[in-house]
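Line order of the protein sequences matches chains Y and L.
Numbering of the first sequence is given in our numbering, commencing with residue 54 and proceeding in unit increments.
Numbering of the second sequence is given in our numbering, commencing with residue 3 and proceeding in unit increments.
Note that these hints are calculated values from the structure, not bench results.
Since the model is a prediction, treat every value here as computed from it, not as a measurement.
The beta carbon of each residue, even a glycine, is placed where N, CA and C say it ideally should be.
Among these hints, one or two may not hold up.
[To be verified] Covered stretches of chain L, as calculated for chain Y (at least 3 residues, CB under 8 angstroms):
no., stretch
1, 42–48
2, 101–114
[What the hints assert, rightly or not] Calculated from the model, a selection of chain Y residues having no Cβ within reach of chain L, i.e. all distances over 10 angstroms:
no., residue
3, 70
4, 73
5, 120
6, 160
7, 166
Okay, here's what each chain looks like letter by letter:
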Amino acid sequence: DGGITQSPKYLFRKEGQNVTLSCEQNLNHDAMYWYRQDPGQGLRLIYYSQIVNDFQKGDIAEGYSVSREKKESFPLTVTSAQKNPTAFYLCASTPGRWQSYGYTFGSGTRLTVV
Amino acid sequence: GEDVEQSLFLSVREGDSSVINCTYTDSSSTYLYWYKQEPGAGLQLLTYIFSNMDMKQDQRLTVLLNKKDKHLSLRIADTQTGDSAIYFCAESPSSGYSTLTFGKGTMLLVSP
Numbered sequence: 054d055g056g057i058t059q060s061p062k063y064l065f066r067k068e069g070q071n072v073t074l075s076c077e078q079n080l081n082h083d084a085m086y087w088y089r090q091d092p093g094q095g096l097r098l099i100y101y102s103q104i105v106n107d108f109q110k111g112d113i114a115e116g117y118s119v120s121r122e123k124k125e126s127f128p129l130t131v132t133s134a135q136k137n138p139t140a141f142y143l144c145a146s147t148p149g150r151w152q153s154y155g156y157t158f159g160s161g162t163r164l165t166v167v
Numbered sequence: 003g004e005d006v007e008q009s010l011f012l013s014v015r016e017g018d019s020s021v022i023n024c025t026y027t028d029s030s031s032t033y034l035y036w037y038k039q040e041p042g043a044g045l046q047l048l049t050y051i052f053s054n055m056d057m058k059q060d061q062r063l064t065v066l067l068n069k070k071d072k073h074l075s076l077r078i079a080d081t082q083t084g085d086s087a088i089y090f091c092a093e094s095p096s097s098g099y100s101t102l103t104f105g106k107g108t109m110l111l112v113s114p
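Isolated chain Y, as found in the complex (with noise of 0.2 angstroms):
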């Protein structure tokens, strides 16, 4: 069955350490994104591709970073710059880059800082 696959599913970090949250898709879908989710705040949006090799800054990408290689994957590296990781993590894919529907979302990471 085609998916978005994000692992791990829970996640520490000590203070100080940068840590990657891998998603990957088997969907054929051209853009992916990261949000990141707080009790209370919705979501909010880290990093977005449209294309292989390509990314954007989201809402509150500082802190982070992002790397598209690859169609099928695009990891998140949450950076010892980031003061106040602990969050759930999302990833999402959608067909093409200029629609918006057909979002298809993973089942999130959630990391906490130790």
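Chain L: place on chain Y using the hints.
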């Protein structure tokens, strides 16, 4: 910029209808969406409406759009305990980009 507002909490009894409301600011929005999120999971698309429509019905779900007031609502008929979840309203701008702007979500609690 775009902004999407929702009430944060709604409690209903099983069998009643639920109405979740949303207001948005971008008058050029093309599509408006409702997503459902169950605990610890990703978002699932429930339904969407194109901005030139007033209403869309899909089984127990009815979406109403008042474009003049920039108001969107989701009605769930015969609400079940399995409908308990967070419901997000989202809009897409007409600028051609594919990113969505989400509301903060309405937590629906259905009691037996």
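To see whether the hints hold, each was checked on the structure:
| no. | hint | result |
| --- | --- | --- |
| 1 | 42–48 | holds (count 6) |
| 2 | 101–114 | holds (count 6) |
| 3 | 70 | holds, 24 angstroms |
| 4 | 73 | holds, 19 angstroms |
| 5 | 120 | holds, 19 angstroms |
| 6 | 160 | violated, 5 angstroms |
| 7 | 166 | holds, 19 angstroms |
Consistency with the previously given hints fails for number 6 only.
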